[in-house]
Amino acid sequence: MIEIKHVTKIFGGTKKAVDDISLTINDGEIVGFIGENGAGKTTTIKMITGILNPDEGEIAINHISIAKEPLKAKKEIGFVPDQADIFLRLKGIEYLNFMADMYEVKQEMRLQRIQELAELFSMENALNDKILSYSHGMRQKIVIMGVLISDPKVWILDEPLTGLDPQSAFRLKERMREHAQRGNSVFFSTHVLEVAEKLCDKVAIIHKGSILFFGTLEALQAQHPSCESLEALFLEVIQNA
Amino acid sequence: MRKYLSLTKTLVKSGFSLEDGKARKLYRILLYVILLVSFLPTLGGIYFLIDAALPLYTQIDQTASLMGSILFLVCSTTFLLSLFIIPSVFYFSNDIDLLLALPLKGEHIIAAKFTVCVIYEYLFAFALLIPATAAYIHVCGFSLSLCVFALLTALLIPIFPLTISTALTIMIMRFMPFFKNKDHFHFISGILLVAVGISLSIAMNSMQTGEEGELLNLLMSGNNSLLTLFMKLFPIIPYFSYAIVQGSIIDFMIGVGICIIALMILLSIGKLWYFKGAIGNSESGSKQKKLTELSHRNMKQTNKVIAYLKKEWRLLLRTPAFATNCIGSTVIFPILLLFMTMFNQDQKVMFSMISSIQSDSSFVYYVIMFGLGSGLFIGSVNMVSATAVSREGSNYIVMKYLPISYRDQIHAKLLLGIILGIIGNLLTVIALMCALSFDWYYYIILFLCMCISTILSNEICIIVDMYKPKLVWEQEASAVKQNFSSFFATMIMLGLCACLIFIAIIIPNEYLILTSLCFLVLCTIASILGYWLSGNLAQHAINKL
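Sequences listed follow chains A and B, in order. The working numbering numbers the first residue of the first sequence as 21 and each following residue consecutively. The working numbering numbers the first residue of the second sequence as 2 and each following residue consecutively.
Mixed in with the good hints there might be a few duds.
[Stated by the list, open to error] A few chain A residues that don't get close to chain B, going by computed Cβ distances all over 12 angstroms:
id: 1; residue: M21
id: 2; residue: N46
id: 3; residue: N117
id: 4; residue: I176
id: 5; residue: R195
id: 6; residue: K228
id: 7; residue: E251
[Said to hold, decoys possible] According to the in silico footprint, chain A covers these stretches of chain B (three or more CB under 8 angstroms from chain A):
id: 8; segment: 300-310
id: 9; segment: 394-402
Hints were generated in silico from the structure; no laboratory data involved. Beta carbons are placed, not taken as given, at the ideal position from N, Cα and C, and that holds for glycine.
Modelling step: build the complete structure from the supplied sequences, incorporating the hints.
What follows is the structure, encoded as structure tokens:
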């Protein structure tokens, strides 16, 4: 569960990147976070994961405050950042091992999970190579594997499908569904509205730092009955903002 | 032409911008001013050196030769340094993939990048030619032609050595595919740089008196005869020297002509081979080997700090720019020391003299002071702690979302710096053991004192880097080579080291015991406090990034 209460982030003393937003992502839910470039999606995600500190408001992960108990809260989170160029000179297997150590994954468990994830994302032949030699999509896969290896309760994914091949994207979406069905939370940003439409229980639309809509697609459609797709709904909401 | 100008403007703007991520413009300007002020003594030194030497050179009719020597220094240094800069700028910079995809000719890219490199080199050319010109004005009197030609020469002089190194690089990249791998290149060039440095040192130290005599004869024959020596390597030097000293327009025009011809040859070479060498540089191979049971053995669960330390070590070792600057410097200092003792006769005499003073009753206190001083020096020159956070670059956000405390992360980074510093200390002590013949326990005292101050030095360096890291960089080398915070942290350490050695020299023997023991106790307490402080400040400093 992710609770965001009246969170505000101001850059440079004046520019409100995020303006008094409140969201609650319940257990068992997949929530899509959509908005234009520069709307405040990544800033919000960075505050949830403890990378940035909010100027106002509170954020809690499974009722643990990220400000007061950051380590405990971070252990609950699996975060895929928007750029996948991480520790490029480590080998894939070394990166996974490092992440497993950070999240205190037991040896037997990590072996089993690495094999399973390598198969899932077709990375069996790449783990012995340095990440530097990976394509963009493979780098994205290794970062996702680094998150999934510890099986955290809350997944926070910033544009997770960027660069993934269709097969891996499909498998990741399946995993997201399974994770939510097991009573966990998934919060992800995306520009691919079709994905959000098919995958999410709820969507949050952010525009210029403020949440314009947060709720189920049905509720959004009820507000704008003339729009048939999420794309049309999104454009309508943004235009009326 | 328009494309060339536009590209040059963009490259200059991105390369010389005063903005550096979060650092304020005023702060950057202030740093540049401090840097300039700190170089003033060096510029003053060059001025006084030339001012003192010029009357002597004038007497033996070698006035232009002295200017030629300065121009030779500019040319040779530019040439040597550019051998490492040119491949980075022309082949390994992050913009290459984009530039190759743009509708630009090879000549456009070469000319624009070449211009940027020339601008880079102006700093060094002006740093030498300004004090030199001032000294010539002081000794020979003011003349407008002297100033104008000196200015024009400073603007033109880097061109010739840069054309040679650029042409060489283009040919190497085209015909020697091994060097097309960025890591291979940096690794080999790093080793070559050390090898060249050591060879030069050996060559200069072992120069025979006969060769020195020949040089003296050439110097005494007058008529600026030394210039013929420089002519062999850089033909522009005599012409620009005569232009500055004698105001000769014809010589200046010949110098300009040589530069233009060299540039045209370079552009032709570039037109032929640049694209063929540059395309495919961003590719990197992979072995695609299936994971075996063997690698599973290395997957034991490890303590977080140890796991973090291992990650830091792997990244340091596998990133050539970090490895050569951080690990390399740890090894180079003892090697140089060893070579000094093996090949330099004068140093051998000095070392044997030092060995004889161990009978002095206060010798042990000198050892303590020297140990503390050199520990500070070794702890700071390896830059491991001084660039610990800077090396993260854009990956600093990973530090912030991993479930490991900032204290533990900083301590893991610090530990790596301390371990490498201690290895450096050990190698230095071994090199000293080869050179000196003290009783064994002096080496142990020396090593322990060095370790204590190395720990302190690493702590101070990491605290500075935590608060002012350079996180925005295009190339990994910038994180260690163009890092002002680390530079100042290192300067602080070197200053402290100099103070310690100075105090040890000037203090009367009766106070030496007390002073050295006080410093030892202070350093020990400070290093314990430093460990505690670095951990406590980490939360505040990393949070602010």
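Comparing the hints with the structure gives:
1. M21: holds (18 angstroms)
2. N46: holds (22 angstroms)
3. N117: Given a closest Cβ separation of 5 angstroms, the condition is violated.
4. I176: Incorrect as stated: the minimum Cβ-Cβ distance to chain B is 9 angstroms, not above 12 angstroms.
5. R195: holds (20 angstroms)
6. K228: holds (23 angstroms)
7. E251: Answer for E251 (chain A): holds, closest chain B Cβ roughly 31 angstroms.
8. 300-310: holds (count 8)
9. 394-402: Held - the segment 394-402 of chain B has 6 residues with a Cβ nearer than 8 angstroms to chain A, which meets the minimum of three.
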